[in-house]
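J.: What follows is the residue order along each chain.
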Amino acid sequence: MSFVPDVSAHAGDAARVANDLRAALKELKVPFKEDGRRDLWVEYTPSPSYQAIAVRFFFHDRLGVCCAEGLLGEVAGEVHEELRMAINYLALELSTFRFYVGDLAQGRGRGIHVRHDLLPSTGGGPAIHPRELRQALTGLCAQKAVFADPLRRCQEGASWRNVKDALRALK
Amino acid sequence: MSSLRAAVTKGLEALGLTVEGDRAGLVVSDGVDGQKMVVRVDENERVVRLERTICYPVDDFSPDLSRAMDWLNQRRAGVCFAYHEAQRALLVATTWTSPSRDPSPNQLHLLVALALEAAGRDGPQLERVAEGETSWESLVEGEADDGPAPGRSEAADPPTRAFAGRADAADPSTRSLNVAHVRTTTRFMDHADGPDGEAADPPPPPRRPSGLQPTRRFEELDEYAARGAEPEPEPTPARGAQANPELTPRGGMSRTALQMAVYRVDNEKADRVDMTVGRRSLGYRAFRGGLLLALLGGGGYAVYTAFIDPFLGGRGLVEQLKGLTSGLISQPPTDQLDPRIAERQTLEGQALLVAELEDPLPDPELHRAYISRALNGVGDKVPALIEVAAGHRTVEVRARAYGVWVDQGLNADDATRMRLLRAVVEHGRHEDALDRVAVDLIASLRTKEPGEEALIAALRWAKGSVFYALVDLLGQPTPGDDAAAKRRSEALGAYLARDTAEFPVLRAMLRTGIAPPDAAARLVQGKGIEWARGEGRQQLTEFVVENPDSVAPLLRAEDEEVRLLAVELLVGAGTPAAVDRVARLGLRDAALRVRLRAARGLAQVGNAEAAWPLALALSRRDPPPEQAFVDEVRRALARLPVAACVAKLREHLAPTLPVGERYYAVVALGAVQNAGGLPALLEALKDPDAQVRRKAIDLCAELQGGGANLSSGVATFREIARSDADAGVRQVAARLYKAIVGRDP
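Line by line, the protein sequences give chains F and C. With our numbering applied, the first sequence corresponds to residues 1 to 171, in that order. With our numbering applied, the second sequence corresponds to residues 172 to 916, in that order.
Just so you know, the hints here were simulated from the structure itself, not pulled from any lab data. By construction, the Cβ of each residue, glycine as well, lies at the ideal position given by its N, Cα and C atoms. Treat the hints with care, since some could be wrong.
[Stated by the list, open to error] With the C-beta cut set under 7 Å, the calculated list includes, among others, these residues of chain C facing chain F:
#, residue
1, V218
2, Y254
3, Q278
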């Protein structure tokens, strides 16, 4: 039997995953809001010593892959060469998070985002387990704490190796 | 094989994929296009990452490519695009992670399918962007034109089938190897109108390998030739001119004229010049002066470095001057300068310090110079560094500031150390797991303990881990200095309310040797018996030495184990006061185990003061003692120092004392080791009470039966056998006399 890729059949339904996501957020006692596009917004911090991060949960193409996206900072003007290098470095080094320069809501310009995508489980139990959700949110907050400042400096012209140093310090 | 890796392998194989183990992880192949995918399993983090090459080779990570990848990373769910410079490839990766669950079959399917879908849908477009054939905007436009992604539609043939034609390739590449599909791009065309334009307007001649343009020598020669005054000779056909029309100038100039022009160019001499003008010029003089100064300065610097600087105690002055003058005197060309240097030049004092610590210059010398300059400019460097080391929002910057703090030797002074520690606490940095300043400061306090007053004063503002570290530092024994122990204990006692379930304050007080009377009882009840018998035993024992009454509540506890522990602690203390508590309370305990332990403990201590309590325990009849306890008490009496023990018991043989007391003393004397109690027993044979005398003579008979030598009592036995008022006593005494002497008394 050869492998036949079929994403839509295995990613689950976005509505069902969103329900499980809401249940998980309630279990974690994380308050959330829903906007007009039915995206969920939360403010999360694992401890008072970390600055909270605003995270948006959304689904692409009505598929059940849940995208958790946080904003690290806005980018003014062209993306600096060093920032490009830094983002690509992080894409290679970090397994579970990806950084990119993307558009902000309502055309307010562009910003540096960090994202973690949760693959839903359709094999029984909740599609997204509360522990997985907490791990994702904590991870996003930690990424912001560690990399927001070095990435901002990269956009200002500092070397992308600042990000490398920050990652080394984290490890 | 590890559990997660095994589960992933099994799950991928169940999906019909070929899985092979590799040093880097697992190599997965779908058997369709032959393209391999690498799966890395991190057991500790519980992360599964699948990577697939989607474009190779890519030699340049261009801004357009970066923008395209940014766009895709934002728009694609579950996949991450990245450029791997070492592999010269674009990668797409999918990731699964969960702290508690194993990946389900659909999640494993998604891991592979998302990567394949991305490779099929986005790979070719990224390849075109990487080649420079199109811009990243075409991705956006293509997305708008194509509508839903093919992999997510109901397409019968999944996108990765497009690679099927390359299945037999030895080394699969994402680029098409079909020659018929080689693209001719505008990048190789130098004219806007294409081939026709190039034909009409040929491009300039190619450069030489050196990169230089061809010289204009022949054109200049033409000019010379045209201006030559030579009469034009008769035109003669020349093969060279015909063969190479370039050498025949327009206007019919002859080859001879050309040769003469060459000669004139080669031999043309400049007008005579005065060679001394240069030396007399202002520029030359300035150059010479500068050179002289450089030589003198260099020599002076060498002399200073080699001979003077070592006597000035190292590099201080030179380094300071370097730091101050590097930006003023020896500025390199501005186009080679780090832009941050220009920014630093505009800053002073605290602003410069913060800027340099936030974004340190890569050159360590420059970094040190700017730090030095900043500290010179702030006036008092202590508050300036404290502000950054404790107050800055970034962990790294705080760590750098603390590094400067240490380099400046500020940790050598107790007052400055405590100031920094206080600032760290006030900013709550001691609660930040990533922050190292508080940890290092406390470590330095342990290495070099500050004064007692500083520690006691710091208790007022210390919080959390810092508070308990200070408590730990204060809770140290001060041998020979009772006043210091009292000061420390009193200071700690004021914070007993902040004690936790671990009793750090109370334990610290115990270590000083001065603690509340119920400290031992509170600790045992709070920390448990296991702690008291293990980790806390030494502290408690030392405390009991000074405060034997502190265990009194334990000796009255309902729990038999607690009472047993109390006896053990008192025995461990071994002081007369402790022996007294064991003898008075332990030997009277309701539980046999406790009494046995008390008897053994008294024997272990070997203090003769225990003789009389043991004697009482041996004879007590309310309630009657168990035989095991009687035996243990006898053994304990036998282990006490003989002379001291007998002396103690003899004190209770005085005729003025109650009969019962004399009787108990006699009983105990019979248990003294090696018949050591015989002299006192012989003395007891003259007791006015017949019961006491009977017990004494019976014990003598027991001793004789046990092989003891009673010859020293022959005279007494004879006298008793003849004159004692009690017939039973006379009879036993006569038997003993006869056994020793061999005849009747």
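J.: If a hint holds in the structure, say so; if it does not, say that too.
T.: Cross-check of the supplied hints:
no. : hint : verdict
1   : V218 : holds, 5 Å
2   : Y254 : holds, 5 Å
3   : Q278 : holds, 5 Å
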